[in-house]
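Student: Working from the sequences, and respecting the hints, build out all of it.
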Amino acid sequence: MTDTKTAEAEVEVAEPEQETRLETDRPWIVIVWNDPINLMSYVTFVLQKLFGYSREKATKLMLDVHHKGRAVVSSGAREKAEMDVFRLHEHGLWATMEQPD
Amino acid sequence: MAFGFGAKIRRTRSGDYTVDLETWERDLLRSLPGQLRDLLASDDPALERLFPPAYLDDHERNDEYRRLMRTDLTDHRLSSLAVLEATLDEKRLDDAQLTAWMGALNDLRLVLGTRLEVSEEMLEVDEDDPRAPGFALYSYLGYLQETVVQALSSAL
Numbered sequence: 000m001t002d003t004k005t006a007e008a009e010v011e012v013a014e015p016e017q018e019t020r021l022e023t024d025r026p027w028i029v030i031v032w033n034d035p036i037n038l039m040s041y042v043t044f045v046l047q048k049l050f051g052y053s054r055e056k057a058t059k060l061m062l063d064v065h066h067k068g069r070a071v072v073s074s075g076a077r078e079k080a081e082m083d084v085f086r087l088h089e090h091g092l093w094a095t096m097e098q099p100d
Numbered sequence: 000m001a002f003g004f005g006a007k008i009r010r011t012r013s014g015d016y017t018v019d020l021e022t023w024e025r026d027l028l029r030s031l032p033g034q035l036r037d038l039l040a041s042d043d044p045a046l047e048r049l050f051p052p053a054y055l056d057d058h059e060r061n062d063e064y065r066r067l068m069r070t071d072l073t074d075h076r077l078s079s080l081a082v083l084e085a086t087l088d089e090k091r092l093d094d095a096q097l098t099a100w101m102g103a104l105n106d107l108r109l110v111l112g113t114r115l116e117v118s119e120e121m122l123e124v125d126e127d128d129p130r131a132p133g134f135a136l137y138s139y140l141g142y143l144q145e146t147v148v149q150a151l152s153s154a155l
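From first to last, the protein sequence lines stand for chains A and B. Residue 0 in numbering that gives the first Met the number 0 sits at position 1 of the first sequence; the count goes up by one each step and never skips. Residue 50 in numbering that gives the first Met the number 0 sits at position 51 of the second sequence; the count goes up by one each step and never skips.
Hints in this document: simulated from the structure, not taken from any laboratory. These numbers were taken from a predicted model, which means no experiment stands behind them. Some hints here could point you the wrong way.
As the list claims (entries may be wrong) - Okay, derived cross-link-like pairs now, DSS-like style, lysine-lysine, Cα gap no bigger than 27 angstroms in a straight line: (1) B:K90 to A:K56; (2) A:K48 to A:K79; (3) A:K67 to A:K56; (4) B:K90 to A:K67; (5) A:K59 to A:K48; (6) A:K79 to A:K67.
Tutor: This is the structure in structure tokens:
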């Protein structure tokens, strides 16, 4: 007697979860853009401090920003990416976030 | 180079920092926080560099981000300025205080650099150029910021 009802309930709950998972599964990337004001040493330091990167990795990212115009510095769910962008903005870096296809 | 001998701001073995600035430098720094505070309360377009967009293609989400974060960003900046002002004459600073100096100096450079429309290649400006005094200040702040970053980096 309980089987049919339980089965229907399970089916109803499963679908929304599926849709939500597809939406939030696509990661966001955080980009730092080059600017003429921030010191290279400062950008490197900020990347180490905010993301725990080694000096080597932070320097490499900074050089990508400097020479290529931009670099992806982190990625994740939307809320996490927005927090990363905010912390970069707090430090005066030019950062944006996007969701690549 | 690694130990920063001769640098005006140095990390000590006990983990705090000595600050060896001359009187004219401290007086110069004294004149700046008030100006930036006034600016933060104004509509000056140079301010926008301190509040960049988070989303390039999504105006709605960006408006929301700006609406929610603007106060926090402003408060953070005001807090750094307050620490700079309060510790201007100190000969020793702790990590949090020097980090606030770094933030305040960076904000000052961002606003000044935006106003002066500096480019990466700009190394100096003609004496007669009306931007010369501003650029001199901008250069000095860059030198000081470099010193602060080197000192803080030595702790990582």
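Student: Of all the hints given earlier, name the ones this structure violates by number, lowest first.
Tutor: Those not satisfied are hints 1 and 4.
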